[in-house]
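Student: Once you've looked at the hints, dock chain U against the given chain E.
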Amino acid sequence: MHDFYGVALGNRLMLGTALYPSPAILAEAVRVAGVEVVTVSLRRESAERRDGQAFWALIRELGLRVLPNTAGCHTVKEAVTTAQMAREVFDTPWVKLEVIGEHDSLQPDLFGLVEAARILVAEGFEVFPYTTEDLVAAERLVEAGCRVLMPWGAPIGSGLGLNNRYGLRSLRAHFPEVTLVVDAGLGLPSHAAAAMELGYDGVLLNTAVAKAGDPVTMAKAFSQAVEAGRLARAADPMEPRDMAAPSTPVLGKAFLG
Amino acid sequence: MRIVLNGKSREVAVARLDRVLEELGFHGTKVATAVNGQFVARSRRGETALGEGDRVEVIAPMQGG
Numbered sequence: 138m139h140d141f142y143g144v145a146l147g148n149r150l151m152l153g154t155a156l157y158p159s160p161a162i163l164a165e166a167v168r169v170a171g172v173e174v175v176t177v178s179l180r181r182e183s184a185e186r187r188d189g190q191a192f193w194a195l196i197r198e199l200g201l202r203v204l205p206n207t208a209g210c211h212t213v214k215e216a217v218t219t220a221q222m223a224r225e226v227f228d229t230p231w232v233k234l235e236v237i238g239e240h241d242s243l244q245p246d247l248f249g250l251v252e253a254a255r256i257l258v259a260e261g262f263e264v265f266p267y268t269t270e271d272l273v274a275a276e277r278l279v280e281a282g283c284r285v286l287m288p289w290g291a292p293i294g295s296g297l298g299l300n301n302r303y304g305l306r307s308l309r310a311h312f313p314e315v316t317l318v319v320d321a322g323l324g325l326p327s328h329a330a331a332a333m334e335l336g337y338d339g340v341l342l343n344t345a346v347a348k349a350g351d352p353v354t355m356a357k358a359f360s361q362a363v364e365a366g367r368l369a370r371a372a373d374p375m376e377p378r379d380m381a382a383p384s385t386p387v388l389g390k391a392f393l394g
Numbered sequence: 018m019r020i021v022l023n024g025k026s027r028e029v030a031v032a033r034l035d036r037v038l039e040e041l042g043f044h045g046t047k048v049a050t051a052v053n054g055q056f057v058a059r060s061r062r063g064e065t066a067l068g069e070g071d072r073v074e075v076i077a078p079m080q081g082g
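As given, the protein sequences belong to chains E and U, one line each in that order.
According to this note's numbering, the first sequence is numbered sequentially starting from 138.
According to this note's numbering, the second sequence is numbered sequentially starting from 18.
None of these hints come from the bench; they were simulated from the model.
Note that the coordinates shown come from a computational prediction; the quantities given were computed from them, not determined experimentally.
Some clues are possibly wrong.
To be verified - With beta-carbon atoms standing in for the labels, derived distance ranges:
no., chain 1, residue 1, chain 2, residue 2, range
1, E, Glu-185, U, Gly-70, 16 to 26 Å
2, E, Gly-282, U, Gly-70, 33 to 43 Å
3, E, Leu-297, U, Arg-61, 16 to 26 Å
4, U, Arg-72, E, Gly-143, 30 to 40 Å
5, E, His-211, U, Ser-60, 28 to 38 Å
6, U, Gly-70, E, Lys-214, 39 to 49 Å
7, U, Ala-66, E, Gly-261, 22 to 32 Å
8, E, Pro-160, U, Arg-59, 25 to 35 Å
9, E, Val-144, U, Arg-72, 35 to 45 Å
10, E, Ala-191, U, Ser-60, 17 to 27 Å
11, U, Gly-54, E, Val-144, 28 to 38 Å
12, U, Gly-54, E, Arg-202, 27 to 37 Å
All residues carry an ideal CB built from backbone N, CA and C; glycine is no exception.
Here chain E stands alone, though its shape is the one from the complex (with noise of 0.2 Å):
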């Protein structure tokens, strides 16, 4: 399997940090799933209520690499400008850029997204690019420098797991070199492990945990999940027929007729 930019990471499982019920179900979902990166962000600071203070007091308690995004962004200038300013505050050269192209599904803008991101790899950055499956795209992104591509599985926040499974078998295939990482509209582990047996390096999740009614216990399943993927994947499944084929054999059954 790939790195991340030279680094290993021995779970495959990224999560989000938004939208938990509090900070210590968040702190205790990402333990007990053993989970090495967050995805984080920046919103505007208030100077009496220092909320994103107490944000990092706790993400640098957690002790894990942090993945920051641009969310929200919908132009190349401010993704880059988002982007400058978290490397500066996070300290990495690490950013899970997204440029928003359309209101109602949150697609990415795949013409600003390779921009942005010919932009920031000049710049020095190790760009995590939010894509689609789009084949020309991922070329594209590659060619800007991008090591990493996270091409949606669904819409973000959908739940709806992986919505074109030949595209992401597809990007897979033709880009055997490329980190690969299932981002986004993942609902339930079963949608993770899929995407792992697919051949995908990581996924990456946020609203399926934080959503659920159990978070802590989410966390762990698709944690797991993730792991039973990728064995699955290293196993080299067998090819589905379409006939059965008994598993039992039929020499030696006794006559009994």
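Tutor: The following block gives chain U in isolation, referenced to the frame of chain E:
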């Protein structure tokens, strides 16, 4: 001088970005800054002079997916 801090109009007595942050209570915080849509690195706040009506963004870590 009036500036726009995180979308709200504020009166400040000083013009340098690092001093404005201090005056407005951000001393000791982990934040990044932008002025009129351009990122201003921490190391350059001391040489960044603000003018009337400048838009200053002060952002900090936040939960994200």
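Student: Now tell me if each hint is right for this structure.
Tutor: Against the structure, the hints come out as follows:
1. About 23 Å separates the C-beta atoms of E/Glu-185 and U/Gly-70, a value consistent with the hinted range of 16 to 26 Å.
2. Between E/Gly-282 and U/Gly-70 the C-beta distance comes to about 38 Å, which sits within the given range of 33 to 43 Å.
3. At roughly 45 Å, the beta carbons of E/Leu-297 and U/Arg-61 sit outside the given window of 16 to 26 Å.
4. Against the hinted window of 30 to 40 Å, the Cβ-Cβ separation of U/Arg-72 and E/Gly-143 comes to about 38 Å, which satisfies the hint.
5. Taken as a hint, the range 28 to 38 Å holds for the pair E/His-211 and U/Ser-60, whose Cβ atoms sit roughly 29 Å apart.
6. Between U/Gly-70 and E/Lys-214, the C-beta spacing of about 20 Å breaks the proposed range 39 to 49 Å.
7. Range check, U/Ala-66 to E/Gly-261: about 28 Å between beta-carbon atoms, so the 22 to 32 Å window is met.
8. Evaluation of the 25 to 35 Å hint for E/Pro-160 and U/Arg-59 yields a pass: the beta carbon distance comes to about 26 Å.
9. The given range of 35 to 45 Å is respected by E/Val-144 and U/Arg-72, whose C-beta atoms sit roughly 36 Å from each other.
10. Against the hinted window of 17 to 27 Å, the Cβ-Cβ separation of E/Ala-191 and U/Ser-60 comes to about 26 Å, which satisfies the hint.
11. Remark: the range hint 28 to 38 Å for U/Gly-54 to E/Val-144 is upheld by a beta-carbon distance near 32 Å.
12. Hint check: U/Gly-54 to E/Arg-202, Cβ distance near 29 Å, so the stated range 27 to 37 Å holds.
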